[in-house]
Each structure stands twice: as structure tokens, then as C-alpha cells.
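First to last, the protein sequences are chains A and B.
Position one of the first sequence corresponds to residue 1 (the UniProt record's numbering), numbered consecutively onward.
Position one of the second sequence corresponds to residue 1 (the UniProt record's numbering), numbered consecutively onward.
Treat the hints with care, since some could be wrong.
[What the hints assert, rightly or not] Chain B side only, calculated, beta carbon under 8 Å to chain A, not exhaustive: (1) 173; (2) 174; (3) 184.
Think of the hints as simulated: they come from the structure by calculation, not from any bench.
Cβ coordinates follow ideal geometry from the N, Cα and C atoms, glycine included.
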Amino acid sequence: MKIRLDSVVKTFDTFRAVHGVSLEIESGELVALLGPSGSGKTTILRMVAGLEFPDGGAIYFGDENATDIEVRHRGVGFVFQHYALFPHMTVGENIAFGMKVSKTKRSTVAISDRVTDLLRLVQLEGLQDRFPAQISGGQRQRVALARALAVDPKVLLLDEPFGALDANVRRDLRRWLRKIHEELGITTLFVTHDQAEALDLADRVVILDKGKIVQTGTPEEVCRAPASAFVMNFLGDANRLKVTVSGEKAHVQDVAFDAPGIADGPAELFFRPADVTWREDGQGIQATIARVIDRPDSKRVLALTVDGQAIEFDTAPEFPFRADTRGFVDIRRPRVYPA
Amino acid sequence: MARRILPGLPLTLGITLVYVAIIVVLPLGALVFKAASLGPEDYWRIVSSERAVASYRITLLCALAATLFNLVFGLALAWIIVRYRFPGRRFVDALVDLPFALPTAVAGIALTTLFASNGWFGAPLAAIGIKVAYTPLGIIIAMAFTSLPFIVRTVQPVLEELDPALEEAGQTLGASDLEIFLRVILPQLAPSLLAGLSLSFARSLGEFGAIIFIAGNQPFDTEITALLAFIRLEEYDYPASAAIASVMLIAAFTMLAVTNLLQARALRYTVKG
Numbered sequence: 001m002k003i004r005l006d007s008v009v010k011t012f013d014t015f016r017a018v019h020g021v022s023l024e025i026e027s028g029e030l031v032a033l034l035g036p037s038g039s040g041k042t043t044i045l046r047m048v049a050g051l052e053f054p055d056g057g058a059i060y061f062g063d064e065n066a067t068d069i070e071v072r073h074r075g076v077g078f079v080f081q082h083y084a085l086f087p088h089m090t091v092g093e094n095i096a097f098g099m100k101v102s103k104t105k106r107s108t109v110a111i112s113d114r115v116t117d118l119l120r121l122v123q124l125e126g127l128q129d130r131f132p133a134q135i136s137g138g139q140r141q142r143v144a145l146a147r148a149l150a151v152d153p154k155v156l157l158l159d160e161p162f163g164a165l166d167a168n169v170r171r172d173l174r175r176w177l178r179k180i181h182e183e184l185g186i187t188t189l190f191v192t193h194d195q196a197e198a199l200d201l202a203d204r205v206v207i208l209d210k211g212k213i214v215q216t217g218t219p220e221e222v223c224r225a226p227a228s229a230f231v232m233n234f235l236g237d238a239n240r241l242k243v244t245v246s247g248e249k250a251h252v253q254d255v256a257f258d259a260p261g262i263a264d265g266p267a268e269l270f271f272r273p274a275d276v277t278w279r280e281d282g283q284g285i286q287a288t289i290a291r292v293i294d295r296p297d298s299k300r301v302l303a304l305t306v307d308g309q310a311i312e313f314d315t316a317p318e319f320p321f322r323a324d325t326r327g328f329v330d331i332r333r334p335r336v337y338p339a
Numbered sequence: 001m002a003r004r005i006l007p008g009l010p011l012t013l014g015i016t017l018v019y020v021a022i023i024v025v026l027p028l029g030a031l032v033f034k035a036a037s038l039g040p041e042d043y044w045r046i047v048s049s050e051r052a053v054a055s056y057r058i059t060l061l062c063a064l065a066a067t068l069f070n071l072v073f074g075l076a077l078a079w080i081i082v083r084y085r086f087p088g089r090r091f092v093d094a095l096v097d098l099p100f101a102l103p104t105a106v107a108g109i110a111l112t113t114l115f116a117s118n119g120w121f122g123a124p125l126a127a128i129g130i131k132v133a134y135t136p137l138g139i140i141i142a143m144a145f146t147s148l149p150f151i152v153r154t155v156q157p158v159l160e161e162l163d164p165a166l167e168e169a170g171q172t173l174g175a176s177d178l179e180i181f182l183r184v185i186l187p188q189l190a191p192s193l194l195a196g197l198s199l200s201f202a203r204s205l206g207e208f209g210a211i212i213f214i215a216g217n218q219p220f221d222t223e224i225t226a227l228l229a230f231i232r233l234e235e236y237d238y239p240a241s242a243a244i245a246s247v248m249l250i251a252a253f254t255m256l257a258v259t260n261l262l263q264a265r266a267l268r269y270t271v272k273g
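Using the sequences and the accompanying hints, generate a full structural model.
The following block contains the structure:
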């Protein structure tokens with residue numbers, strides 16, 4: 001089922017949560033809504049679900065205007081951040097809930113067969129008589145997914161689905177969710193503030209800031225060509241240097257970088273910590289090492305340029321230099337954005 | 001056992017045991033001892049006398065009716081206090097405790113004045129043929145009044161803790177509001193409702209002050225068991241009074257034991273495996 005949002009607006013009391021967001025999600029696509037807290041991503045997801053109603057704009061499911069359809073008739077599966085499993089029901093009863101309250105009557109046998117199938121799908125065979133309090137967080141979230149899938153939703157919506165789990169479980173679960181998505185091919189929209197999770201899972205990433213979409217694209221597109229300084233910063237560690245642009249060139253000390261399409265005047269130069277080589281031969285920006293931090297697979301070097309701007313970069317663990325060494329920072333793949 | 005910061009077990013256990021013995025066990029023991037001074041035949045004759053049995057029936061049925069009324073009304077009251085923000089909400093919240101704070105005799109006199117056939121409520125009710133004061137209906141109202149806070153105050157905290165996401169989950173799965181209430185909310189409230197019910201019921205069984213003013217106290221008709229025990233006391237017939245009281249004691253104890261069992265059953269899902 002294709003989902004289309006057309007200039008959707010939502011205001012809470014005096015706070016404008018979502019400002020005119022338009023977005024298309026193709027049938028069978030897995031899309032991440034990525035943004036910091038307060039960016040409106042959860043509000044958008046809840047409006048698609050029908051748990052909130054937009055103040056302006058429209059939401060289409062296929063060709064049907066779904067804006068005013070109640071949540072219970074919208075045919076979405078929703079997975080909550082804190083699982084929202086019914087604590088007084090067993091795992092099996094939780095999964096069966098949607099089928100039991102459904103208008104399409106199913107026999108007890110049909111329901112129990114479907115529960116067994118879903119438990120197999122989420123790899124929780126044999127746990128159906130446990131209560132939610134008796135299983136782990138990762139297992140609970142898989143039960144929540146099975147429960148959402150049980151009603152054959154047209155669209156699957158996940159609100160920070162792995163936010164409450166620890167790092168290892170998160171990584172396993174997202175790989176597993178990707179696999180399930182490939183098996184079922186159901187249109188899926190999920191919310192996260194974790195860029196690694198969005199890039200790992202999604203076909204397409206929608207990056208939000210202050211209630212607006214700032215960039216939409218495949219993980220490759222948003223990583224290789226961040227549309228703004230915000231996206232550059234939000235997607236991962238980034239260094240920022242103040243520069244002056246003249247004639248589409250950004251100048252730092254006596255080094256010039258290409259700045260296509262940037263107007264003359266002050267601007268900002270961004271680059272990733274991995275895109276730096278430390279040199280002693282005078283090529284690059286002059287800097288002094290302030291501190292070297294050891295990491296399991298690398299060294300993180302903190303350096304200061306001669307005009308006092310901080311730069312962080314990653315080097316091989318064999319990096320021989322220590323604090324107070326002078327040298328030059330050679331930058332690859334720099335990006336210049338207007339200040 | 002791990003070391004605790006609070007004063008040690010021997011001290012706290014000692015103090016509480018002595019306290020429980022003096023305040024709770026001793027009077028109850030005296031009651032049983034007094035009742036036991038009767039022979040089995042005398043005891044049975046007193047507790048199974050027609051007047052006593054009539055009083056059990058009245059007390060029990062009225063307490064049941066008052067508790068059922070409070071179940072519905074108390075749950076609704078707790079619901080609006082927790083779920084809605086309206087002007088005067090805190091005042092309503094404070095008002096719930098009033099039956100606890102008010103001397104029950106005051107409540108009884110006030111209720112009698114209101115519901116007497118010339119009272120503010122009693123007159124219009126009498127006009128449509130409903131008599132409240134000096135009937136079992138009056139007893140029910142007095143019981144409901146004094147035991148309302150139990151239901152509200154036991155359900156309220158549980159209601160506050162209910163995760164709204166559970167109701168949203170029910171909605172996304174296609175359940176109607178009624179189905180969500182019956183299948184999602186009510187089962188989670190059940191243990192606290194049960195606790196509130198049993199407290200409310202026990203209080204209604206034992207209520208005295210508020211009832212005697214409004215009940216009319218006609219033997220076989222509007223005479224509650226607590227009053228019958230009191231009448232025997234006034235007649236200096238202590239063993240008979242104790243015998244009747246012992247029946248109430250046994251009834252209250254049995255009921256609390258049964259609700260504890262039911263509650264444990266209703267809460268079995270919270271036990272970690």
C-alpha cells in the first residue's frame with residue numbers, strides 16, 4: 001500500500017510540531033523517519049496511524065483519503081517503543097487479540113494456527129503461554145511485532161522500536177526486522193533518532209528537523225551528499241571550521257577548498273574525522289596535537305589549528321605522534337555550507 | 001540476610017507484635033472468650049434466632065447492594081479524577097475522603113434529614129412513591145456513603161499507572177472502545193477493584209453510626225446485626241452480644257480471606273518466571 005502525505009500540519013497548543021510535510025512512500029518500501037527529539041517524527045508516524053489527526057493537509061493510503069479514518073479502521077500495524085503488550089494476557093493471547101476483536105470471525109483453531117505461524121516467524125516458538133513480564137525486552141518487542149502483523153495490516157508503523165533495548169540486541173533485531181520485511185514486503189515506516197539504525201535498515205531515509213523534512217534519499221544519497229550542515233552533523237561525527245568564501249573557493253589559512261555555488265562571505269567547512277591525514281610536509285592546515293585518545297580499533301586525535309579551531313580525526317593505532325606535536329591536517333571530501 | 005539500614009528486625013518485629021496483640025488480638029480474643037462462655041446449644045440458639053438471622057439477611061443484602069453501587073460509581077469517580085482535567089477536579093478529589101473524616105453519626109443525621117419524607121431529597125422521592133428513610137434503601141445509602149472512598153482510593157493509583165499506549169495498541173488492533181474497556185482496562189483494574197470491593201463490603205457490614213439514624217431499626221425489617229449486638233449489650237447480656245458479634249467477625253474474616261485468594265489469582269501474570 002502506497003502512503004502519501006500532502007502538506008501535513010500539526011500544532012500542539014502553541015507548539016508547531018509538524019510544518020507542512022509532504023512525503024511519498026512506495027508500496028513495499030521500508031522508510032526511516034530520522035531526526036532529533038522534537039523534530040516531529042513521532043507525530044508524523046502517529047498521524048499516519050490515526051492516533052493523531054492533522055490540523056491541515058491530507059494523508060492518502062493508495063488513492064483513498066485516509067485523513068479522517070479512525071485508527072481502528074485504518075488497517076495499520078503499530079509497534080510501540082515500550083512494546084505496550086497487554087500484561088494480563090499471555091504471549092499467545094496478545095498475538096490473538098486483534099483477530100479476536102476483528103469483525104471477520106475466525107474459528108478458534110484458525111486463530112491458534114495463525115498464532116503458531118507468527119510465533120515461528122518471530123522465532124519465539126514455545127513461548128506462547130508466558131506472560132510479558134516473564135520474557136526479555138527483545139522478545140517482548142518481537143511479540144509486539146507479531147501482534148501487529150496478526151491483523152494483516154496494509155502498513156506497518158514502528159515508533160522507536162528498538163529504543164529501549166541494549167546495543168547488541170538492537171543490532172540483532174534490526175537485521176532480523178530487515179529480513180522479515182524482505183519476506184513479507186509490507187510497506188513499513190519507522191521512527192528513530194539513531195542514524196546507524198536508519199542507515200542499516202531503511203531503503204530510504206527521511207531526515208527531519210524542527211517539524212520539516214530537510215532531506216530525503218537512500219542511505220547512500222544522504223551519506224554522500226548531505227543537503228545541509230544540519231544533516232552533515234546529524235548523520236555522524238563532523239568537524240566544523242569557519243572559512244571565508246570568495247569566488248567559489250573556501251579559504252582556511254592559505255589552503256583553498258572548492259565551494260561550488262556558495263556565495264562570497266563567511267561559511268562553514270565540514271569533514272568527517274576519518275577523512276583526515278596527518279602530515280609533516282607542509283601540505284594542509286597547520287595544527288598542533290592537543291590530545292590522543294586510544295580506542296579499540298583506532299586512535300582519536302584532538303588537534304587545534306593555529307587560530308584555535310578544534311579538529312578531531314581518527315588514525316591507525318600505530319600513530320606515533322603525541323600531544324604538542326606540530327604538523328598539518330590534510331582534509332579529504334570537505335563540504336562547504338553557508339554559515 | 002542482607003544488612004538493612006532501618007532499625008533491626010528484632011526491634012520492629014517486637015514493637016509491631018506487641019501493638020497488634022494489644023490493639024487487635026486482645027479485643028477479638030475477649031470477644032471470642034465471652035462468646036465461648038455460652039454452651040454450644042445456647043450459642044446456636046442465640047445466633048440462629050429468627051431476629052438475628054433477619055438482621056444478617058438485612059445487613060448482608062444491604063452491604064451487597066451498597067458495594068455494587070460503589071463499584072460502578074466509585075470506578076466512574078476514580079476514572080474522571082484520573083483521566084480528565086476539569087475545573088474543581090482537585091476539590092472533587094479531596095471530597096472523596098470526606099466520608100472517612102466525617103464522624104459517621106454526623107453523616108447518619110445529615111442523611112436522615114435529607115432523606116426524611118419532608119427532607120430535600122426525601123420529599124420529591126416520597127412524591128413518586130419512593131421511601132428512603134426508615135427502609136432498607138436508607139441503610140444502603142448510609143453504607144454506600146461511608147464506604148465509597150475505599151473503591152476510589154484503591155482503584156485510583158492503578159488507573160494512574162495504566163499505560164495509555166495499551167489503549168492505543170487496542171485501537172490499532174481494531175478493538176472498539178467497549179472491547180478495550182472490557183478486555184484491556186478492566187482486567188488490569190480487577191485486583192484493585194477486588195481489594196476495594198472487599199474493604200467497602202467489610203466496612204458496610206460493620207457500619208453502625210451512620211445507619212442507626214436512617215434505618216428506623218425495626219426488628220426483622222430494618223435492624224442491622226451491629227445494632228442487635230449493641231441492643232444485647234445495653235441489656236447487659238454480654239455473652240449474647242459477643243455471640244452475635246462473633247458471627248460478624250467470622251463473616252468478615254472469611255470474606256477477606258477469599259478476596260485475598262482471588263486477588264492472588266488475578267495477579268498471577270505479574271509473577272516472573
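Hint-by-hint comparison with the structure:
Because the smallest distance between the Cβ of residue 173 of chain B and any Cβ of chain A comes to about 4 Å, under 8 Å, the interface hint for this residue holds. The criterion of a C-beta within 8 Å of any C-beta in chain A is met by residue 174 of chain B, whose closest approach is roughly 5 Å, and the hint holds. At a threshold of 8 Å, the smallest CB-CB gap from residue 184 of chain B to chain A is about 6 Å, leaving the interface hint in force.
When held up to the earlier numbered hints, the structure conflicts with none and fits them all.
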